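A.B. asks: These two chains come separately, so use the hints to put the complex back together.
Listed here are the chains, written in short residue letters.
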Amino acid sequence: MALLMDTRLLLRKVKDLRCLTQRRHRVKEKWAVTRTKYPATTLALQNFDATYSVQLGQLWPSVRAALLSERKYGALLNNYCHDDVQAELQAKGCKDFPTDKEIEVQPCLEQEPEVAGEEESCRVSVEKSDPDAQQLPPLQLSPNIKCLVFPRGDITRFKPARPDMFGCLGYYLMDAASVLPCLALNVQEGHNVLDLCAAPGGKTLALLQTKSIGFLCVNDTSVSRTSRLRKVLQSYVPKPFLSEGKLRITSFDGTKWGEIERNTFDRVLVDVPCTTDRHSLMEDDNNIFSKNRTGERRRLPQLQLALLLAGIEAACPGGEILYSTCTLSQVQNLSVVEQAIHTAREDHGIHLQVVDLRPLAHMFRKTFQFAPNLPLGVMVVPHIAANFGPIYMCKLRRLA
Amino acid sequence: MGTRVAASQVLRWTLRNATSVFSPLQFGRCLLQPLCTGGRLLCSSTSHGPLQPTLHDRELNPLSRQPVTELSLPSLVDMGFTDSQAEQMYEATSKLRGTSTSKHALSTLTALFVLGLNPSSVQKILEKCPELYTVTESQFQQRIGNMRKLGLVEGSLQRVVSHYPQILTVPVKTVKNVVLFLKEKCLFTFQQVTDLLRDSPAVVLEDRGQLEYKFQYVYFRMGIKQAEMVKSRLFRYTLEEVRCRHCFLERRGLYQTPDKKGQTMIINPKLDSILHFDQDTFLTNVANASAEEYEVFQRLMAREWLEEEQLQGNIEADSDDDEEEDEEDEETGGKSGYRKKRKR
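Protein chains in written order, with full-length UniProt numbering: chain A, 1 to 400; chain B, 1 to 344.
Source of the hints: derived by calculation from the structure; they are not laboratory data. Only a predicted model underlies this, so the values are computations on that prediction, with no experimental measurement involved. Errors might be hidden in some of the hints.
Said to hold, decoys possible - Derived DSS-like pairs: lysine-lysine, alpha-carbon spacing no greater than 30 Å straight-line: (1) Lys291(A) x Lys261(B); (2) Lys159(A) x Lys101(A); (3) Lys260(B) x Lys291(A); (4) Lys246(A) x Lys231(A); (5) Lys146(A) x Lys246(A); (6) Lys37(A) x Lys260(B); (7) Lys225(B) x Lys37(A); (8) Lys37(A) x Lys261(B); (9) Lys124(B) x Lys185(B); (10) Lys270(B) x Lys37(A).
To be verified - Heads up, incomplete: computed chain A residues facing chain B, CB under 10 Å, no partners named: (11) Asn47; (12) Asp49; (13) Ser53; (14) Gln58; (15) Pro61; (16) Ser62; (17) Arg64; (18) Ala66; (19) Gly153; (20) Phe215; (21) His383; (22) Ile384; (23) Asn387.
Ideal Cβ placement from N, Cα and C applies to all residues, glycine included.
Next up, chain B with everything else stripped away, as it sits in the complex (with noise of 0.2 Å):
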């Protein structure tokens, strides 16, 4: 219900300011069609007609009249924000009054009140990521058009917002890419991309190589399947995190990479069970091992990919030397910049 007022609240306030910012058509385009998509829930609020702008109303806010678009006060309280969090967010706000982009803030909170969060997580949101502040209000509808696509449904879609906002600000084209390259390179079914946005959205913004790498390093080098990648949330946990627990767990003899038919001579713990537990968890359930030796193998890993990468970039600088010589220059400075590293 709170979300509801205040959803009509916005609405009754962008009416109000509507003549002045927007033309009426590009406020059909913009405002009704995310209202249209969240239906009941303007349903429900136009039929209880707190939709008409009264008159009291006008003359009990004077800022109504000036053709402005940033919030205020009191207006924020209207919303159906406490005096705290009204007063935070303005705060947040004012710093971005006078650029381009203070004229979004509006629409934010429309956008976001439409998806039906409730103030207190709209707040929270706005307060993990300001940058949502930016967003224009069609890039808005494109993005969580795009997601509603992508098959998050009503709920999943809210949780992924506020668990991680900042996938409103990645572009459409980000976004679908991203799912391309997870259906056709790593081969994850439709069901199985929209479980690994709803559980790891972060993936959206993570550099494609090192994702591709991480899938490969698990579907290869430990013989996971996708279906079990996407059950143990794997996205969630950094390559780092994975490949030392793993490299710590093969070399005590405890994991086998299963062979051509899936066979290991031992039963391999599950991914879940090596991901999910923190620290001690793992050391003492699953590695038996002394947090002592798991501290010291980790910095021993640390070097041993550094260097790893660094014989690795060797090895790339010395092929392109034999295709190019113009960049020799600058091969060169990059090899001395590791030998350097390496002596230190």
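Extracted from the complex, chain A is given alone in its bound form (with noise of 0.2 Å):
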């Protein structure tokens, strides 16, 4: 009896093997369903066609052609390096974006940032309705920041960075968009900084140019990802610069932070995961619209939701936040902030003020391109003359 069984259990366990059926009663594999019609940047760009040109209406053609064509790039200056990379990048026609502003603005820069209308914060769109578009408020950038790009409609390329002769790289090549939330979150000295998805580590390096940070804390849940990190950080910053007092990189779960360090940063960057329009659109490989990933892109205004309240809660009342992706999408921008803004009031009890950071879309409208019109934050729409972004950002304070 107890060999029958184990015939029986046997027989069950091999039916499975497909040698064991007769090729007649075999179930033909239904390749043709299971095999993607679709690459996964046709399907990103058909998403994108859907929702965006609901969303940016007129303005979506432009964004779209300028999206599907080559990007530009910002060479991020390493003011590490010891050769003199600035001038001869200048003398090729390139200008340093964030001096390159609108003169107007400038000399408000000096004053200290106003904290206006402390009883309004709880609202969402205070200061949006600003009638009066010519006083700005005055806003504060990161200092010693420097970013070089051709100027609009030049498509020069820039050539792969040189060490000098310490192994320091001249610069590092990104979307210059990408400089702007390392900009506008206003580092001051001393402070201490943490940026929750540093990976892969453009962003980290631009705020490791102020050279004003008291310890800066950089974290990705990937580990792979985390030793890129550490491998870019190697090439562009001196050994000193990277000691245990002032860096720390981790890999943890970003979306913990809040129960593992509370209230200890004045500056926090909350740089998202997202659909990263661009890329989707031009790589196949890994991309986060393929059909297998269809549950994280489902997930990722949840997991943003997420990291957005750790940064909050990580951050000491009175510091402030720093929201980006980079996607055009409003469920991914807009709503995460406005639903982030809700929760930590009720369920925290954590009270936020947003920071218009339209002066700063006014400051650099000769390099980037702006969303007109947006109730919340600001984004930088990519044109084909000025094919930066999309870069989503949105300003937070802490108030108790």
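C.D. replies: This is the structure we're talking about:
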């Protein structure tokens, strides 16, 4: 009997093996159904066509053409490099865009940022209804960040950076619009800064260029990505600046940060994972729009919300949080911020104030094209002549 | 009437010199045949009877006694050219004087007049394409005959010749090959080929590969059938123009390649409206874009295609390397050339 049971068990196990079923009983594999009909880039494009044509309206065709064309880069200048790369690049026609801003705004820059309307701060769209666009409140930027770009309409490319005599590379090529969140973060002398989703390291490097950070905490969930980040930092920043007392690189789950370190950081950069619009349109490998990552893509806004909330919790009262993405999607931008402000107030008792970034948009309108009339935060939209972005950012200040 | 007079003048003048230049047999073969094809012309001119060279005509023109085939100023005026036109023509032909080609000048004029073109357009044609002076009489007959055979009827024929006189410098064989190519590789019908030749005769001299690429690009990438290609005079435009405008629209989401059933999600603009407008009208009416955008786009595209071509060149070079090792030096030389270009 036991033997019979055994054989039956064995048979049941064996049933899955295809070689034992007769050919005529075998189920023919429906390979045509399982195979993706379209490549992921096409799916991404279809998705964008459906959502953004509604969201951006008239602007979408131009943004679409820009997204599908070659992007422009900015050269984030390495202040730790000893060669005079800036002069070299400027001779080729590059301009340092943070200094190349609109003149009428510049005088205000020296003043302290004023905290306007604290009692209104809980409401999300407080400062958008400012009728007088000329009297934009002043805005402070992180110092020392230099990013060189070719002027509007110029499609020249940068050469790969060369190392100086100490092995430090001269510049880091990245989307120039990605420097904006770092500029807007307004890092001041001695600040404790947290970069919650740091890899691959462009923004971290930009933060380090300020040379005024007291302690920088760098985190990314993925270990492989943090190791890449470490390599980037090592090839740009000399060792003494990467010592234990100055920098910490971790691979924790960013959403749990509120439980690890509460009320610690003066500045928090939350550059969340998103649908990375430009990348998704260009690269089929590991594309977030591929069929097998659908679930992950659906959960993105949820993850983004959790990360932003963790960032808010990690910030000390009076500290500032900057939320940024590289997508145009409203669901991943505005909605997440709105939801986060609401949840922070309801569940955690944290009151937040939205810092108006429109002066920043006004300052750099020569270099970037900004989306008009955004109710919350600012967004760089790609334009074929200034093919940077998309970058969305929104700055929050923690009140209590 | 002007043409008829001119033709008869040429005829008279030719007859006058005929004895010295051609043997009667040759003359019959070479000259009468085109005249017969333009039947009406010959009949009317002969019936009026100015064909016989009169005595005083000869005496007036002492040049005519000499056994020369070159054109003189008065003879040009005789043919119906105005003084200034005749002078220009004379200058043009005098450059050829003494060369072997000079003796064809007369036959060229004859052939053109026989087509029914008036002196001023003849002059314009020859100005546009002086190579016509070098074409022999029999070549003229063959080529014009061939064009008639291809369905270019009177009227169209004259239009083609006056718009694109270079077509008469192309050997019959080349034209036939192009027509064969259009019919067999691109599946145009006979009538469509005729229309193509009439509207864009320059196809006969276009590079075959380029032509095929253009056709396939429009057929496969844009999903457009032959009839519409003919209607929109596709072959008048360069591949770059077509490709650039199409890609611009495609990236803006205004053009989609139709699927197997010829369906698209959006309504594509007609090929006609993509190609025919000048740039500004195209941008405002079809693409809805600014001039700045299109200008930058064109530069980006030019670079993209250049790189694509280089990439293909490299791939071809690599595959060649595997096959033949003898040419290795050449291939690597070519590759390093590409690399140099890319570095710039």
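A.B. asks: All the hints need checking, so say for each whether the structure fits it.
C.D. replies: We went through each hint and held it up to the structure:
no.: 1; hint: Lys291(A) x Lys261(B); in the structure: holds (26 Å)
no.: 2; hint: Lys159(A) x Lys101(A); in the structure: holds (25 Å)
no.: 3; hint: Lys260(B) x Lys291(A); in the structure: holds (24 Å)
no.: 4; hint: Lys246(A) x Lys231(A); in the structure: holds (17 Å)
no.: 5; hint: Lys146(A) x Lys246(A); in the structure: holds (22 Å)
no.: 6; hint: Lys37(A) x Lys260(B); in the structure: holds (14 Å)
no.: 7; hint: Lys225(B) x Lys37(A); in the structure: holds (26 Å)
no.: 8; hint: Lys37(A) x Lys261(B); in the structure: holds (16 Å)
no.: 9; hint: Lys124(B) x Lys185(B); in the structure: violated (36 Å)
no.: 10; hint: Lys270(B) x Lys37(A); in the structure: holds (28 Å)
no.: 11; hint: Asn47; in the structure: violated (13 Å)
no.: 12; hint: Asp49; in the structure: holds (6 Å)
no.: 13; hint: Ser53; in the structure: holds (8 Å)
no.: 14; hint: Gln58; in the structure: holds (8 Å)
no.: 15; hint: Pro61; in the structure: holds (4 Å)
no.: 16; hint: Ser62; in the structure: holds (6 Å)
no.: 17; hint: Arg64; in the structure: holds (5 Å)
no.: 18; hint: Ala66; in the structure: holds (8 Å)
no.: 19; hint: Gly153; in the structure: holds (5 Å)
no.: 20; hint: Phe215; in the structure: violated (43 Å)
no.: 21; hint: His383; in the structure: holds (8 Å)
no.: 22; hint: Ile384; in the structure: holds (5 Å)
no.: 23; hint: Asn387; in the structure: holds (8 Å)
Consistency note: the structure conflicts with the earlier hints numbered 9, 11, 20.
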